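Peer 1: Residue strings, one per chain:
There are 2 protein chains.
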Amino acid sequence: MAASAGIVVTGTEVLTGRVADRNGPWLAEALRAQGVDVGSVVVVGDRPEDLRAALAFLAAGNDLVITTGGLGPTADDLTAAEVGAFQGRPSELDAELEQRIAAVVAALSARRGWDTEPESAAAGIAKQALVPAGATVLEPVGTAPGLVVPVADGRSGPPVLVLPGPPVELQGMWPAALAAEPVRRALAGATELRQRTLRLWRTPESELAATLRRVDDQLTGLEVTTCLRDGELEIVTRYEPDADDAYGRLVAAVTADFAGTLFSDGPTVDELVARALDERGWTVAVGESETGGLVTARLTEPAGASRRVLGGVAAYANSAKEQLLDVPPATLVDGGAVSPAVARALAEGARVRFGADVGIGVTGVAGPGGGTPEKPVGTVHLAVVGPDGALAYSDRLRGDRAAVRGRTGTLAVHLLRQLLLGGPPA
Amino acid sequence: MAASAGIVVTGTEVLTGRVADRNGPWLAEALRAQGVDVGSVVVVGDRPEDLRAALAFLAAGNDLVITTGGLGPTADDLTAAEVGAFQGRPSELDAELEQRIAAVVAALSARRGWDTEPESAAAGIAKQALVPAGATVLEPVGTAPGLVVPVADGRSGPPVLVLPGPPVELQGMWPAALAAEPVRRALAGATELRQRTLRLWRTPESELAATLRRVDDQLTGLEVTTCLRDGELEIVTRYEPDADDAYGRLVAAVTADFAGTLFSDGPTVDELVARALDERGWTVAVGESETGGLVTARLTEPAGASRRVLGGVAAYANSAKEQLLDVPPATLVDGGAVSPAVARALAEGARVRFGADVGIGVTGVAGPGGGTPEKPVGTVHLAVVGPDGALAYSDRLRGDRAAVRGRTGTLAVHLLRQLLLGGPPA
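Chains A and B, in that order, are what the protein sequence lines are. Be aware that the first sequence starts at 1, since it is given in this note's numbering, and climbs by one per residue. Be aware that the second sequence starts at 1, since it is given in this note's numbering, and climbs by one per residue.
Quick caveat, the hints were computed from the structure, so don't treat them as lab data. All of these numbers come straight from a predicted model, not from anything done at the bench. Positions of the beta carbon are idealized from the N, C-alpha and C atoms, including for glycine. Misleading hints may appear alongside valid ones.
Output of the computed footprint for chain B on chain A, the stretches with three or more beta carbons under 8 Å from beta carbons of chain B [claimed, not checked]:
id : region
1  : 48-61
2  : 332-338
3  : 362-370
Produce the complete structure using the sequences and hints provided.
Peer 2: So this is what it looks like as structure tokens:
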């Protein structure tokens, strides 16, 4: 690897988990696509000393340091000034930039109907127009400009690329950031870096470990990482092009040992299912109880979902299961609302009521309440009904309410995959 | 602040965003509750040199370093051995621990129907039973034990607490970790640290900045951070108990300046809405198009949701809007499926069909396709209908498909809050 970058994500709201960071992972992947390696992402709160420590840590071993966030108008937004100080370049007001930001804020205030006192608006704008001496300004996508701040003359160290926190602004500014001369120079040594993924369904990590140990001496040049999550075992491999043969040997070994559970050489199960539905021109509908809308929301996440997903009914109440999805009252009484028969009836009801080719039915106990000795928390029943047949699956899942709901969603998508594509059972 | 900790989150899958980290934020909050300050979280991939660099960075300025993840049976799980080496304590096989892990794996394999070769299972178990000399073992919650690894005799530095990656295992092990003698000693200086939150709806950050500047000299001892997200402006303040009066002055200033938009002194809008529904004994149902199940899924996230949420219909297809939610065909023709009238009809249909006290209706264009000059991507219409009246709201949102869907969900919950509690309009 001939070029590397370190990322600082700022914001106490990220550090404490009130906001999930989307920028670190996005940047790591965008840099990987440029052949730039990212070894670590440091998340810091809004304290200057923590930001300075993170900058020093990452500047020591990288060709470029990138910061995200902390460019707003409030006093806790201190990234630009701190980066300037760190690089030995005190900040100055850029009067032309100030005017451009003022124009953006005025347009935004008009659209939003804000009635900010001119004085306080001006103070915020002036703060956002402070630029470290000698820095390159990246035009704002929102109200905050980005910056490329080289180290002061006579000192050594990588440039720091300062990007705004809102993902839409950061991503909108990225092409200009990559094109900026100091960034191009810093990343000049980047070489092609490939990343490939294999996905197995329900293979224990220890079995894969045995395979990897067996072929270990044939995998020189590969950086292999594995991750088990919700029953899916992902094998992600990064390598430079000259290790292409080694990657072929890895694929051959995994295919030989796990032909029955290897379900993807790249796409996610959601992507495979969407493609398979589109290829057949099939539509799908959902009747779900335990997951409360989550399965439908997951199926409608990708762009273009409306051509393959007709909709779903989240039916907590038994009356809703009966009246909106035609679940027979006797079925609800016989085995209770959490039973394989109800999952099947939910799938059939959704299929008929929406007029879809495939119906998915989900019921279960997400917890933390509602469990019984016969049907403990984590009990789930799923069914998928298509034009040519049906599949059912039951399980008892571990984890808290959010984990049980999320895992049930993964099970539902895998059961749908099995109906559409065959392959390893859900 | 008299005790501080640094957190290392390991795993290439986290670094590259394939898995969202839940452990860093959870630990930061759990430590805060103990009065322990966390200045930064470092996310590293599965490369030993990156882990070592992160350990060195955090050991320099903290009383305790915590690692999460990298304790599995595969070769890329290297945390325990690397931490041992970093602390000057080479790892040795703990034969009794190996037997206990073997028993757990055997039980798990039986339950899951795994058919792992004994040899490869044994290799994985032996790897997980390697313990740095002199470390304290925390009993496994899953298959991986945790560790507390003090620095080698004669060297100085904080102990490293090694925790497993799966959140259910990490959280299950936390009480034992806090009780371990080396951890207690490291955190002995912890003092009480309060955290309070104020939430404003649709206040521009620049207005709040003006208020904070005005009272700045009265806020000594407070660490104030603000965060604007989806129209909500959060003010999170941390302080030691002797700054309680200063916090009172901050609350007074914000209340005086923003009485019309301050909607919470702590709880999230989702919590406020759940409480208000429970207090009245009201139920709610959702008819949603653009958000595809997301609004229902969000309302059913909290434990106990089934007593207040009867369900929802995600109706992408117009036929589903008509047949499941009684949206009049003429309404769909007149203004199109994305219109205030359809939002209102979806809300009324959901209310009637589920027999709920309150109905929520949502329609819009999430994008990236489907926009027109009259109804561009981001156009959303919402309605809430209750026993005593109805509210409507329309907007044009920025951002990509995921952002538009997510923000629409926030708008829906705020519109519901307004119906239930009055206060600032959505």
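Peer 1: May I ask which of the numbered hints given earlier this structure violates, with the numbers listed in increasing order?
Peer 2: 2
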